[in-house]
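*Asks:* These are the residues of each chain, in order.
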Amino acid sequence: MFPKNTWYVACTPDEIEHSPLGRMICNEKIAFFRGKEGVVAAVEDFCPHRGAALSMGYVQDGNLVCGYHGLVMGCDGKVVSMPMQRVGGFPCVKHYPVVERHGFIWVWPGDASLADADLIPDLHWANSPDWAFGGGLYHVKSNYRLMIDNLMDLTHETYVHADSIGQEEIDETPVKTAVVDGVVQTSRYMEDIIAPPFWQAAMEAAGLDPNQKVDRWQVSCFHAPAHVLIDVGVALAGTGKQEAPAEQRVRATVVDFMTPETENSHWYFWGMARNFKADDAELTASIRDGQGKIFAEDLAILEAQQKNLEQHPERRLLMLNIDAGGVQARRLLDKLIEQENQSAQG
Amino acid sequence: MFPKNTWYVACTPDEIEHSPLGRMICNEKIAFFRGKEGVVAAVEDFCPHRGAALSMGYVQDGNLVCGYHGLVMGCDGKVVSMPMQRVGGFPCVKHYPVVERHGFIWVWPGDASLADADLIPDLHWANSPDWAFGGGLYHVKSNYRLMIDNLMDLTHETYVHADSIGQEEIDETPVKTAVVDGVVQTSRYMEDIIAPPFWQAAMEAAGLDPNQKVDRWQVSCFHAPAHVLIDVGVALAGTGKQEAPAEQRVRATVVDFMTPETENSHWYFWGMARNFKADDAELTASIRDGQGKIFAEDLAILEAQQKNLEQHPERRLLMLNIDAGGVQARRLLDKLIEQENQSAQG
Amino acid sequence: MFPKNTWYVACTPDEIEHSPLGRMICNEKIAFFRGKEGVVAAVEDFCPHRGAALSMGYVQDGNLVCGYHGLVMGCDGKVVSMPMQRVGGFPCVKHYPVVERHGFIWVWPGDASLADADLIPDLHWANSPDWAFGGGLYHVKSNYRLMIDNLMDLTHETYVHADSIGQEEIDETPVKTAVVDGVVQTSRYMEDIIAPPFWQAAMEAAGLDPNQKVDRWQVSCFHAPAHVLIDVGVALAGTGKQEAPAEQRVRATVVDFMTPETENSHWYFWGMARNFKADDAELTASIRDGQGKIFAEDLAILEAQQKNLEQHPERRLLMLNIDAGGVQARRLLDKLIEQENQSAQG
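Top to bottom, those sequences are chains C, A and W.
Note that the first sequence covers residues 1 to 346 in UniProt numbering.
Note that the second sequence covers residues 1 to 346 in UniProt numbering.
Note that the third sequence covers residues 1 to 346 in UniProt numbering.
Quick caveat, the hints were computed from the structure, so don't treat them as lab data.
One should not assume that every hint holds.
Copies of the same chain are indistinguishable here, so a pair counts whether it falls within one copy or spans any two.
Lysine to any residue pairs mimicking SDA-like chemistry, simulated, CA-CA at most 25 Å apart [said to hold, decoys possible]:
(1) K141 with G22
(2) K36 with A285
(3) K277 with D171
(4) K94 with P210
(5) K176 with S128
(6) K141 with S265
(7) K141 with A300
(8) K307 with T262
(9) K213 with M84
(10) K36 with E282
(11) K141 with K307
(12) K277 with G292
(13) K277 with K293
Remember, predicted model here, so these are calculated numbers, not experimental data.
All chains, please: the whole structure from these sequences, using the hints.
*Replies:* Next comes the structure, spelled out in structure tokens:
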């Protein structure tokens, strides 16, 4: 179960640069393409003529031409024309509110009349020259909630990512969970420690001595329904953590958008935004590669977990203090879904 | 749904040249092999001893020997012998009427008592030295009716096969549909046009100037239950189309046999018969390669269409004038199936 | 259907040498690992924290550490500890009786209170310097009973393994079936014949002239629920068969353990123990390779047979004299399963 009256990241601009993209989101098969003046559009991926997949066609004059018999579909789901046909009586297909913003294409898979672009989250770093962003996309054969749990409880880093961002001190440091203004926040501060390999490399890249002791922080923020931003970084020990002078810290935001595909699978858009050496494209690529490898480690774990849960739907999982972030996130989700169901009936 | 009391193309002779062939046709698992004096035979692909697949065995003295324990199956589905066993009381398996003709192996998957070899379609070009034939086989994960639709409405050539046989004039020229003597016929004539790349190459091969204007014709004929023959070609403009003198035209028959495997998949035997340069084997191979590539483009479209239709079984598709051929073909099919059901009950 | 209150071969020691192993046995997902002092342990492959697969973790101090959040699972299915957590109230998972013996890891997937290590079959050759063993593991997509049938009726060798151990005389020689002390035994003696290629090579390896006539024997013994040992060999004709002087015969035991995975699949542990040239490791490897190829031929047959039987569950298979071994084996199995069901209800 997932809310549908909300914005999800559908794809990145490069995915629709040369041709339309067919992608299932919240059980809806959608064709994304660039319409007139390059403005992004999204219609049901189903040609009203004979059911062909519109995403296998091409864009012409801002419309999507079906690759089978040339039906021309408009951005609004209305048929524009078809060779030798009068299309006035042709049925429409659904079209979806879709917005390009902050380097992503956002789609609203539910009731279009409720879509409001102002509800798209503000990603300040996306539009600032002081920040650089690199990221990628994974298809994960698990319910999207398992990824939210994963990101709201970073103790798994010690085990899943032992060689890069894991370290024993994570396990030894309690995590605090709070819900502030509808955002679930789990935070952990580790003081006077040696940074793990990933952060030592970042310190070196930023001109800091990687062997100096640091204070390290991880603040995961879940924004319903499906993204987690994690403020992460290290500052030289005792210099003020996140508030330390810029030259004494390395700070980044781990960016995670989970977009349900079906009940048992999701699209995972991951990345990292950093505000040090923002113009170093090589560093961006290298961080992206490293993060890609780290996040791939999670996939195997989550997909096996999903299979286990499908085999034992009757089992109650534990909800420990470290799971509080995930538990609170699921509560918000359940509430959103309940609201949607009620207003659909009302 | 498909008629079963009818002849379908099961395979080509080369497929049973060296060993038996197991193939599912109309949900029947069938083992094809060459019996005594090379006469083709077809029995259920199920050994009555322990259920092994007979098609994994070998042929000996005109019988099919099970590759597991050596049961010897006759062409008539009766057990001939088995080492150290008396087989008198052994159960039989089904055998299927099967005929080799016109370069194909034909099978009748339904009621054997109704099979009549005279009902096998007459493919005149198959037995004439003036004609050459080249073709192939594709397994398609779609209902066979989607392929019939595809072949009865060639407007898709403009979109799916833009680089070879497609051209804008197809879209601009109306198609005529008629049912004559139980054959659904859709025809399109384009006059005074430049030939598309495939036909320019054919003109060149036939010694014509490919840059001369031509009249082009496409006449698709659907013969129930499952083959479409398309009379295609170009003649120098104004010389009489199909009736033009042989040296002023290039003419061919596109040959398409659709054999249902299951409700959601079929075997697609495609090919082209031509009556120019019939003894040029190199040209046959080159046309075959080109056609193979063209028809492979249809597969992706049809398989995506099949998935869309399975996801939305409730949707009514449009039936435009260009779809009239497919619509008429389906009507004939539904009638045949209804007749079969009635006579089965009667 | 399969008995669960019994020992099955779960894996070989090399499979858990470096890391835990996750394997489904009788529909139970089990994690195998080496606990304290290397003693093998088996627990349910489901972390009670969040359902992760424990087998994806690692072993530390004789316990299995979950690779997701570090829960430490004991060999007895009780949670030992977890970073920053009190685990007293954590639910347990199942643990399974498991024993390492005769070069295999044995598991008892059913009622642990009934497990008795004395019931593990005695494999005398496994612990004797006069014998050498080589073997392997195949995953087979068929019910395990089809493999038992296969091994209890070696007439299939003539067909499936024509190039190695098959020969016409197998078909021509009747087989005797008997049930002795709960063991189903099928035996076949072929006298004064030329050995087939596999045995000619063995004779040569053992210093015998491969062209001399031999007496050949095959004695398959089914031990419920799921292993078959086959006494096989050749002795120079007239020298006493199995009882011939050691220098005039080559003798081996074909070893087959079938472990159900699900209703439609099983793990097939195969191998050969021989008491000639026991210290010739190269010969062991060469026999193992040859046997591996021979047994792979059975897989294709069995997997096709399984599909046929699934498609036609209503069909009664024949039960010929050559099938008597399999039939008797199934009777023992059915009795065991019935006993289990009754004691579960009682």
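*Asks:* Please write out, lowest number first, the hints stated earlier that are contradicted by the structure.
*Replies:* Those not satisfied are hints 2, 3, 4, 5 and 10.
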